[in-house]
Amino acid sequence: MDAFTMIQLIAIVLLAILLVFSIFMTERKKKPEIPKRTITVIRCDNGDYETKRDFRQGDFIGKVEGKCPKCGGILRVHSIYVEEIQSAK
Amino acid sequence: MDGDIQGIISTIILISLFLMMFTNIGQKLQLMFLTANLKSKLAILEKLLNDALSRSEKLLALAGSKNPKKTVRKLTEFFVIEPVSIEPTDIIRRLAHILDTRRHNVRRILVEDLGEKSKHELSNIEVVLEVTSALNYLYKVVRHYLLLGEKTSNLILVMQLAYLMPTILKIADAYHKSLDAFEKGLPIGDGLGPLVAYRLTYNAPRKPIVEETVYSITEIDGRLVYVVKAEGPGATVGKPGEAIEKLVEKEKGNISRIITVDAALKLEGEETGSIAEGVGAAIGDPGPEKIRIERIATKYNIPVDALVVKMSAEEAIQTMNKKIAEAADKVVEEIKDIIKHRVPKGGKVIVAGIGNTIGII
Ligand SMILES: [Zn+2]
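Each protein sequence line maps, in turn, to chains H and Z.
This note's numbering runs 10 ahead of the 1-based position in the first sequence.
This note's numbering runs 10 ahead of the 1-based position in the second sequence.
For the record, the hints were derived by calculation from the structure and aren't laboratory data.
Take these hints with a grain of salt, some might be off.
Unchecked claim - BS3-like mimics (lysine-lysine), calculated; alpha carbons at most 27 Å apart, straight line:
no.: 1; chain 1: H; residue 1: K73; chain 2: Z; residue 2: K260
no.: 2; chain 1: Z; residue 1: K194; chain 2: H; residue 2: K73
no.: 3; chain 1: H; residue 1: K62; chain 2: Z; residue 2: K355
no.: 4; chain 1: Z; residue 1: K129; chain 2: H; residue 2: K73
no.: 5; chain 1: Z; residue 1: K217; chain 2: Z; residue 2: K51
no.: 6; chain 1: Z; residue 1: K127; chain 2: H; residue 2: K46
no.: 7; chain 1: Z; residue 1: K127; chain 2: Z; residue 2: K84
no.: 8; chain 1: Z; residue 1: K57; chain 2: H; residue 2: K73
no.: 9; chain 1: H; residue 1: K77; chain 2: Z; residue 2: K217
no.: 10; chain 1: Z; residue 1: K340; chain 2: H; residue 2: K62
no.: 11; chain 1: Z; residue 1: K68; chain 2: Z; residue 2: K80
no.: 12; chain 1: H; residue 1: K41; chain 2: Z; residue 2: K57
no.: 13; chain 1: Z; residue 1: K217; chain 2: Z; residue 2: K276
no.: 14; chain 1: Z; residue 1: K187; chain 2: H; residue 2: K73
no.: 15; chain 1: Z; residue 1: K38; chain 2: Z; residue 2: K194
no.: 16; chain 1: H; residue 1: K46; chain 2: Z; residue 2: K57
no.: 17; chain 1: Z; residue 1: K260; chain 2: Z; residue 2: K57
no.: 18; chain 1: Z; residue 1: K260; chain 2: Z; residue 2: K79
no.: 19; chain 1: H; residue 1: K73; chain 2: Z; residue 2: K300
no.: 20; chain 1: Z; residue 1: K320; chain 2: H; residue 2: K41
no.: 21; chain 1: Z; residue 1: K332; chain 2: H; residue 2: K41
no.: 22; chain 1: Z; residue 1: K217; chain 2: Z; residue 2: K57
no.: 23; chain 1: Z; residue 1: K84; chain 2: H; residue 2: K41
no.: 24; chain 1: H; residue 1: K73; chain 2: Z; residue 2: K80
no.: 25; chain 1: Z; residue 1: K260; chain 2: Z; residue 2: K333
no.: 26; chain 1: H; residue 1: K46; chain 2: Z; residue 2: K180
Claimed, not checked - One-sided and incomplete, this derived list gives chain Z residues near chain H with beta-carbon spacing under 7 Å:
no.: 27; residue: M30
no.: 28; residue: F32
no.: 29; residue: N34
no.: 30; residue: G36
no.: 31; residue: M330
no.: 32; residue: I371
We put the CB at the ideal spot given by N, CA and C, even for glycine.
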C-alpha cells in the first residue's frame, strides 16, 4: 500500500466518522418532555388553611370552594399553575 | 490491477470535484436536500394544524354548533385589513374601530351558529379558533414559500426558509400547546396582570365599567385604590385603557398615580418570573388602549408606573407556570410599597392588571 492509498483510506474513514457524528448530534437534540401536572391551590379567606389538588375542569382563580375546616371561613381557589413532576431517581 | 482501481477512484473524485465547483450541480443537490427536509417539517406543521382544526370542531360541536366545519373554516380564514398609515390623522381611532368591528363580527358569527351562550364560554371558543387561525396562517405561508422556491428553483428563498424553520416550528408548537389552556379555561402566563389584580382585591365586587372590563375598589394603608382588570374568567383582555380613562375622568383627574402591571417578553437568558420596574404604560395592545392611558395621564399630569414580569413568548400563551404564579405575590408587595411611598395618605391611585384574564375572576 502506498502513501496515496493511505490518504484516500484515511479521508474515507474521517468522512464516515463525521457523518455518524452529525446524525448522532441531531438525534440527541430531541429532549424528552418533562411530565407536568396542573395544580389548583385552595386557600381560606382568613389565611389559616391551604390545600393543593389536581386541576379539575371548571376551576378558576377566585372560585368559591366551600367552607374552611378550621375556622368556617370561605375557601377560594388562590392559584392555578403547572408544575414539573419531580421524578424519583 | 491495484493501480487501475486507484486510477479510476481518483479520476471519479477529480471529475466530481470539477463538476461541483464549476457547474450548478452542487446547488441543485443542495436545493433537493433542503426541499426534502422542508417538506418533512411542513408535514409536522400540517399535523399540528389538523389537530387544532379537529379540536376546534370538537369544541364547537360540544357547544351545540349546527355546522362546526363551516364555522371553523369561516373563522380561521377571517382577516383584518390594517388602516392606511401614510395619513396618520386619527389612525388610532380608525384602528380601534376596525378592531372593534372584528371582535363584534367574530362574536356574531359564533352566536349565529351556537345561539346565546355565556360570554366566558364564547370568549374561550373564540381564542381557540384564533390559535387555530394562527397555525393555519403559519402553515399556508411556509407552504407558499416552499412551493414558490421549488417552482422557481430559488435556492436563496429555500435556504432562508430552512434557516427560519426551527423558529417557525417552535412558534407553531407553542401555539399548539396553548390550545390545552384555552380549551380547559386555565390561566395563562399573560394572565399575570389579572392575577395581581385578583390578589389585590380578592372578593371585592367587580363593577363593570366598559366592554369586558371591570374595576374593584380596595384600600391600602389609607389610600383608595381602583383596580382595573378584564372581566373573567373568560379569555379576554378587555379595554383597560378606556376603563382607566373613564375612572380618571370620573375623579376629575384627582388621581395621584397610575400603576400598570403586565407580562413582558424576556430576552433569551433572562430568568422567567423576574420583576422589572419602569415608567410608561405597560400594555402590549396594537395601540388604541395604550394611547388612551398615555393621553389621560398627560392631560392631568399623572405619573404612570410600569411593573413587568419577564417570561418567554411560549410561557405567555401556555398554562401559567409556578415561577410566574409566585412572581404575582412579589408584584403585589411591590405595588403596596409604591403606594406607601409615592402616594400621599388619602390619595387615590389606579392599578391596572393588563393581560388575558382566562381562568381568573
Ligand atoms: Zn380558615
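Quick rundown of the hints versus the structure:
1. Under the criterion of a C-alpha separation no larger than 27 Å, the hint pairing K73 (chain H) with K260 (chain Z) is inconsistent with the structure, at around 31 Å.
2. Using a Cα cut-off of 27 Å, the hinted pair K194 (chain Z) and K73 (chain H) holds, with the two alpha carbons roughly 15 Å apart.
3. Distance hint between K62 (chain H) and K355 (chain Z) is unfulfilled; the C-alpha atoms sit about 38 Å from each other, more than 27 Å.
4. A distance of roughly 17 Å separates the Cα atoms of K129 (chain Z) and K73 (chain H); the hinted pair therefore holds under the 27 Å criterion.
5. Simply put, K217 (chain Z) and K51 (chain Z) have alpha-carbon atoms about 49 Å apart, too far for the 27 Å limit, and the pair is violated.
6. Straight-line distance between C-alpha atoms of K127 (chain Z) and K46 (chain H) comes to about 32 Å, which puts the hinted pair past the 27 Å bound.
7. Distance check on the hinted pair: K127 (chain Z) and K84 (chain Z) sit about 19 Å apart at the alpha-carbon level, within 27 Å; holds.
8. About 36 Å separates the Cα atoms of K57 (chain Z) and K73 (chain H), which puts this hinted pair outside 27 Å; it is violated.
9. Of the pairs offered as hints, the one joining K77 (chain H) and K217 (chain Z) holds, with about 25 Å between alpha carbons and a cut-off of 27 Å not exceeded.
10. Note on K340 (chain Z) and K62 (chain H): the hinted pairing holds, with a Cα-Cα distance of about 21 Å set against a maximum of 27 Å.
11. Only pairs whose Cα atoms come within 27 Å are accepted, and K68 (chain Z) paired with K80 (chain Z) is accepted, the gap being roughly 13 Å.
12. Between K41 (chain H) and K57 (chain Z) the CA atoms are separated by roughly 20 Å; this keeps the pair inside 27 Å, and the hint holds.
13. For a cut-off of 27 Å, the pair hint linking K217 (chain Z) to K276 (chain Z) is broken: about 33 Å separates their Cα positions.
14. Proximity of K187 (chain Z) to K73 (chain H) is assessed by CA-CA distance (about 25 Å); at most 27 Å being required, the pair is judged to hold.
15. Restraint check for K38 (chain Z) and K194 (chain Z): the C-alpha separation of about 48 Å exceeds 27 Å, so the hint is violated.
16. At most 27 Å may separate the alpha-carbon atoms for a hinted pair to count; K46 (chain H) and K57 (chain Z) meet this at roughly 23 Å.
17. Restraint check for K260 (chain Z) and K57 (chain Z): the C-alpha separation of about 52 Å exceeds 27 Å, so the hint is violated.
18. The hinted pair formed by K260 (chain Z) and K79 (chain Z) fails the criterion: a straight-line CA distance of about 46 Å is larger than 27 Å.
19. Simply put, K73 (chain H) and K300 (chain Z) have alpha-carbon atoms about 30 Å apart, too far for the 27 Å limit, and the pair is violated.
20. At roughly 24 Å between alpha-carbon atoms, K320 (chain Z) and K41 (chain H) fall within 27 Å of each other, so this suggested pair holds.
21. Restraint check for K332 (chain Z) and K41 (chain H): satisfied, since their Cα atoms lie roughly 21 Å apart, inside the 27 Å limit.
22. Taken as a hint, the K217 (chain Z) and K57 (chain Z) pair is broken in the structure, with Cα atoms around 44 Å apart against an allowance of 27 Å.
23. Under the criterion of a C-alpha separation no larger than 27 Å, the hint pairing K84 (chain Z) with K41 (chain H) is inconsistent with the structure, at around 37 Å.
24. The hinted pair formed by K73 (chain H) and K80 (chain Z) fails the criterion: a straight-line CA distance of about 35 Å is larger than 27 Å.
25. For the hint linking K260 (chain Z) to K333 (chain Z), the alpha-carbon distance of about 37 Å lies beyond 27 Å, and the restraint is violated.
26. Simply put, K46 (chain H) and K180 (chain Z) have alpha-carbon atoms about 19 Å apart, close enough for the 27 Å limit, and the pair holds.
27. The restraint placing M30 (chain Z) at the interface with chain H is violated, with a minimum CB-CB distance near 15 Å, outside the 7 Å limit.
28. Given hint, F32 (chain Z) at the interface with chain H, is violated; its Cβ is 22 Å from that chain's nearest Cβ, farther than 7 Å.
29. The interface hint given for N34 (chain Z) is broken, as the beta carbon of that residue sits about 23 Å from the closest beta carbon of chain H, more than 7 Å.
30. Interface restraint check: G36 (chain Z) against chain H, minimum CB-CB distance 17 Å, threshold 7 Å, status violated.
31. Below 7 Å, beta-carbon pairs count as interface contacts, and M330 (chain Z) has one with chain H at about 5 Å; its hint therefore holds.
32. At a threshold of 7 Å, the smallest CB-CB gap from I371 (chain Z) to chain H is about 3 Å, leaving the interface hint in force.
Consistency with the previously given hints fails for numbers 1, 3, 5, 6, 8, 13, 15, 17, 18, 19, 22, 23, 24, 25, 27, 28, 29 and 30, ordered from lowest to highest.
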